[in-house]
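S.K.: If you're matching them up, the sequences are chains A and B in order.
Counting along the first sequence from 1, when you hit position 161 you're at 161 in my numbering, and nothing is skipped either side.
In my numbering, each residue's number is its place in the second sequence (first place is 1) plus 1000.
Accuracy of the hints is not assured; some may be wrong.
[Stated by the list, open to error] Here are the simulated lysine-lysine pairs, BS3-like style, with alpha carbons at most 25 Å apart:
1) B:K1211 - B:K1197
2) A:K121 - B:K1073
3) A:K507 - A:K528
4) A:K4 - A:K568
5) B:K1287 - B:K1320
6) B:K1073 - A:K80
7) B:K1320 - B:K1307
8) B:K1320 - A:K695
9) A:K695 - B:K1345
10) A:K3 - A:K23
11) B:K1367 - B:K1287
12) A:K695 - B:K1073
13) B:K1211 - B:K1234
14) A:K23 - A:K4
15) B:K1056 - B:K1234
Keep in mind the hints are simulated off the structure, nothing from the lab.
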Amino acid sequence: MGKKVGVYVCTGCGIGDCLDTRKLVELAETECRAPVVRSSSAFCLEDARLIRDDVEQQRVDSVVIAGCSSRVNAEVFFFKPAFVERVNIRERVTWGQPANDPETQSLAEDYLRMGIVRAQKAAPPVPYQEATERRVLVVGGGMAGMAAVIAAAKAGFEVVLVERSPRLGGFAARLHRQFPKHPPYRDLEAPAVAATIRELEQLPGVTVFTSSEIEQIEGQPGRFSVLVRREEGSAELRAGAIVLAAGWMPVEADVLAGYGLGRYPNVVTSVALEEMAAQGRIVRPSDGREVQSVGLILCDGPEDAAHLPYGGSVSSLVALKQAMYLREQAPSATVYLLYEDMQAPGLYEYFYRRVQEDPGVLLSRGVVRSMGEDSDGGILLEAEGTPIGGAVRLKVDLLVLSTGMRPATLGPNGPGILNLRYLQGGELPTSAFGYPDSHYICFPYETQRTGIYSAGAVRKPMDLAASAQDGAAAALKAIQCIEKSSAGAAVHPRVGDLSYPTFFLQKCTSCGRCTQECPFGALELDEKKRPVLNTNRCRRCGICMGACPVQIISFNDYSIDMLSGMIKAVGIPDEFEEKPRILALACENDACPALDMAGLRRLQYSAAVRVIPVRCLGSVNSILIADAVSRGFDGVALMGCRPGDDYQCHFIRGSELLRRRMDNVRETLDQLALESERVQVMEVTISEWEQIPQKLAELDEIVARVGPNPMKGF
Amino acid sequence: METVPAAQRSILIVGGGIAGITAAVEAAEAGYEAIIVEQGAYLGGRVAQLYKYFPKLCPPYCGLEINFQRLRKAPGIRVFTLAEVEQIVGRPGEFDVSIRLHPRYVNDRCTACGACTPVCPKDRPNAFNFGVGTTKAIYLPHEMAFPMKYAIDGSVCGFTECARCVEVCQYGAVDLAMQPRSFSLQVGAVVVATGWKPYDAGQLDYLGFGKYPDVITNVMMERLAAPNGPTRGKILRPSDGGEVNSVAFVQCAGSRDYNYLPYCSGICCMASLKEATYLRERNPNAKAHIFYIDLRTPGTYEAFSKKVREQYGVSITKGKVARVTEDSTSKQLIVEAEDILSAQKIQVRADLVVLATGIEPSLEPGKMDAPIVLDADRFVVSRGTADGIFTAGCAAGPMDVATAVQQATSAAIQAIGALQGAARR
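Just chain A, with the same shape it has in the complex:
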C-alpha cells in the first residue's frame, strides 16, 4: 500500500537550539523519502494549518510530527482521516540531553526514522461493526440490581432483570430499618425497597423474570445470547451488556458455632434478629419471652472465628441499628455491645453517637473469650480486653452475632450464577477476597470480562445506600459498553480504539497460548483449536500478540512487523565506535509518561536508549527482543509496571506475562552465548521518574561490563 507520509519537524520549545533540525528535515526527505517535509516552530499554533492543508489538499495520509509528547496537544494534532504519529524529540531528547551533541542528534534522528517506519506500516483500523443489542441484562433483583434496572431504563435502555427468588428486593426486603442517610444522620430510616420495587414496575421497557436463573450466557458485548431457566421452561433473550448484582450471604452458621450458634437457642445471628424485628417482635427463641438484656457482638474480622480476611463497616452499623430496635421495643432493656473497633466511618459517626447517648446501651471494647448457658436459657459471656480491665462477665437473655458479608459468588450457587460459555471459565475472575477482580480504586467496575459489570455487595461489602449507587453506576458502564460496541470501538482503558487483532490462521499451530493469556477471555477456540476472536470482548492490549510463538497476531496499526521495523530503523554504530545502543520497550500508560516527566524536569539519562512505546508490556513478543539483539543492540530494557497481588497493569497481567516470557528469552540468549543480563525487566512507576536515570545507568553499566554485542555488524 502506498502511503503518503508528511513529516513535520518542530523547532520550538528549545528543539531548534538543541538539534540540527535541518539535518532531520534532510533525513526525512532523502533517507526516508517522505514526499512532504516541513519545519516550523509553531505547528501547535498557527502552522497546524499547514498540516491540515497538506492532509486536505496534498492527500497526505500519514502525518509524522517530530516535536512534543503525544500526551500534550492531542486536540491540535488531530487531522482526520490521516494517521498521526508523534515523534517525541522534545521531552525525550531536547529536554533531557546535552545540546548540539552528536549523540543527542543521533537520538533524534533514530526517533524520526522509527516514527516514519511506524507511520508507513500503520494501516487505518477498520471498525468491527455488527448489529448490537441495546438491552441491558441485570442479574439479581436486590437493591443494587433494581437500581441498575431503574438507572438503565431512565437512560432510555430496555432492561431484563433475572431474579432467582420469587420476589424482588433481595436482602433489602428482609430489613426492618436502614441506616440514617439524611441529616442529622441520627434516625433509622424505613428501607427504600418497597418504593424502589414500585418505581421499577412502572418503568417502560423493563421485563422482570422472578424465580429464574441464568442457564447460560454466550457471545460478547453487544451480542450476548442468554438462556434463562424459568419455572415455565427456558427463555432465550439477547443482551448488549450485563450487570451482575447477585448480592451477598452471611457467613455460614458453622463458622459461628464457637459462639454457641446452633448449640444454644438464644444465640442468633444479626440476620435472624433483623427478621424478628421486621416481623414486629424480638423475643427469646427458646421460650418466646420478651428480652430484657441483650448482647451484641461483632464477629466478622480477621481476628474473629469467622476468619474472613476482611471485616465490615456494615456489621458495626448493624449492631448499632439492632441495639436501637431492642431499646425501642423494651425501654427497660439493657443492651451490651462489644466491639474491637467501631466501624462507623464518615457521617455515620452521628448515628454512633446517638446510640452512645442512650443510657440503656452499654458500648465497650471487648473480645468474647468464653461463653455458656445457664439453667433458664440465658447466655453467659466472659469478655476480655475491656477498658475497665480484667475479665467482664455478663448474662443476657439473647446474644446476637453481627456477622460478616460474603459475596454470593462464594456461596453454594456461586459457581453457577452467570454460566458464561467462555473457555476461560463461567464466572468473573476474582481477587484474593473472592470479589470480582478490578482496579477497585480508580476503575472499580472494570471486571476482567468485558461488558459484564458487578455491583453491590457481590462487588465488595457495602450497605444498602451504597448498593443502590453501585447498581446505577454499573448500569452506566453497561450502557457505555453497548454504545462503544455498536461503534466497533473498545471500552476502557483504550476507549474508542477501533483496531483489533487479526490472526493469520494458516500458520497457527493451535498451541492455545493466546487464548490462555488473554486477561479478558476474549478468545475461544474453533474445532481445530485455533483462536476465534470475540472482538467486543477485546480490550486491544495486544497481550495475544505478545504471546504468539509463531507471530501470527497483529493489529492494523500495531504489529510485530511494525515494531520490528522500528527496531531495525535505528542506526547501530559499529563496535569500534564505543557507542552502545539500548532498546527500551516501554508501557505507554506508565513508563512513557514517567519518561515524559523526566524530560519535563530536565533529567538527563543515557543517550544510548531508544524508546518504543508499547500498548502493554504483555504485548511484547519475545521475537522483538531477539530482533533487537541480532540487530546489534547492546541491551534491552522492558519498562513496565508492578505485577503481583497489587498489580498496576491496566490489562491485569501484562507485566506479569512478560516476566514469564523472559525465561524463554534468557534461554535463547544463553544458546547464542549472549549474556542474558543484557535484557532487563525494569519496574517503572509513573510517579518515580527521578529513578529512571539511575535505572538506565545500571543497564549501561551491565553493557559496559559485558562489552559490546558481538552480533553487531552481522
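With chain A held as given, fit chain B onto it using these hints.
M.R.: Leaving out everything else, chain B in the frame of chain A:
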C-alpha cells in the same frame, strides 16, 4: 436524539477532582457532553497531591493518566480551569449556569516549554506542597498538570512593571492584561463534586501545630513522601532536615470532636497506616506509632491494616492524644496520651508527629447560588437537592477515592436519567 437541544445532552460538573473527572468521562463515554468547571489551575484535585493510594500503595498519577487519556479522547468534554460557578437556576433539561473565569495570565498558546520560570523574579508559597517551599509567580502546577499550561499567581506577579516572562515567551502565551470574565451556558443536569479541603490544623493548638515545625499534617506527609514534593521524596524533619527515626500519628486530629469536626473523616486511619509504610520503606529501622480512638478500616481494608501492623511493624495504641510538647533540650516531640486498654497515661517520643487532620467540604456557603441543600457541616445533601442536580465525592461527605468514584459514576447516570426525563417531557 439529534433533535433535542444541546443543553439537554450536557451535564455541568462542578469540580475537577477525581469525582468530577470520573463523572465527566463516564457520562461522555456514554455519548453525553460534560462541562467541567474547576476552581484550581489544573484537574485532579486532591488526589494529584497524594503520593500513594491505600490499600494498593499505587500512585494516583497512574489512574489520573488513564483518565486524562479518556478526557483527551472523549469528544464531548469541555474543561474550564480557574473557573467558578456563580449561579445555577432552572430545572432539569434547562439549567442556566453562570461561570466566572479567573485570569490565568497565560493563554492557550503556552507550550509548557518553561522558558518563563528562570526569568521570573517573584516567589510564591508552593500551594501544591501545602505551602512548603516556593515556586515562581509563573509556574506549572505539577508534572502531570491538565491542562499542561503554566499559570501566573496574580497575588505576587509584578505585572507590567516586570513583564520579563512576556519578553522571553516565544509564543505570545503570557497575557498580563487578562481580566476576569463571566459567561453563561445552558445544561440539562448538574453534578456537584466540589470536594474537600484539609481541616485547618492551626485550630489544634494542643497538638503543637504551628508551634513545633516537626508537627505536620497527613497531607503534608504525602508531599514529603512524594518524589515531586519539596524534599524529593525524602522524609526529613522540617525543623533541621534531620533523619526521621520515629513518627507518631495522631488520629482524629479535629475529627470526632464537637469542638472541631463532630463527624468522622473516614479516611484518616487508612491514610496513617499507609503513611507509616512511607517511612518504613525509606528507613526500615524507623518506629511508627499510631494513636487512635477506633481504628477505622472498614470492609476489606481490614486486611491492609493487618498487613501494615504485621509486615511494617507499626505499633498502635488505643487512646486519644492529650497534647504534643517538645523536649526543650533534645528538641524531640513528646506525645502524651491515655492508653485506654491499660488505663495508663503514656508518653511516646517522636522525631516527627503527623496529625491525621480530617476532611472539610470545600464549598463555602453562599459562594455558589444554586438550589442545593447543605447539612450542618456544609456537606451537600444528596436527596435534598433540586431535581437534576446530583452530588458525588467528598462534597457529599467524607469518603475514600474508591467511594468517590462509585458515587461519581452513579451521579453521572442519574444526570443522564434527568436529561432523558427532560427530553421526554
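S.K.: Give a verdict on every hint.
M.R.: Going down the list of hints, with the structure as the test:
no. : hint              : in the structure
1   : B:K1211 - B:K1197 : 22 Å, holds
2   : A:K121 - B:K1073  : 23 Å, holds
3   : A:K507 - A:K528   : 12 Å, holds
4   : A:K4 - A:K568     : 21 Å, holds
5   : B:K1287 - B:K1320 : 19 Å, holds
6   : B:K1073 - A:K80   : 13 Å, holds
7   : B:K1320 - B:K1307 : 23 Å, holds
8   : B:K1320 - A:K695  : 44 Å, violated
9   : A:K695 - B:K1345  : 48 Å, violated
10  : A:K3 - A:K23      : 23 Å, holds
11  : B:K1367 - B:K1287 : 44 Å, violated
12  : A:K695 - B:K1073  : 32 Å, violated
13  : B:K1211 - B:K1234 : 23 Å, holds
14  : A:K23 - A:K4      : 21 Å, holds
15  : B:K1056 - B:K1234 : 21 Å, holds
Checked against the numbered hints given earlier, the structure breaks hints 8, 9, 11, 12 and satisfies all the rest.
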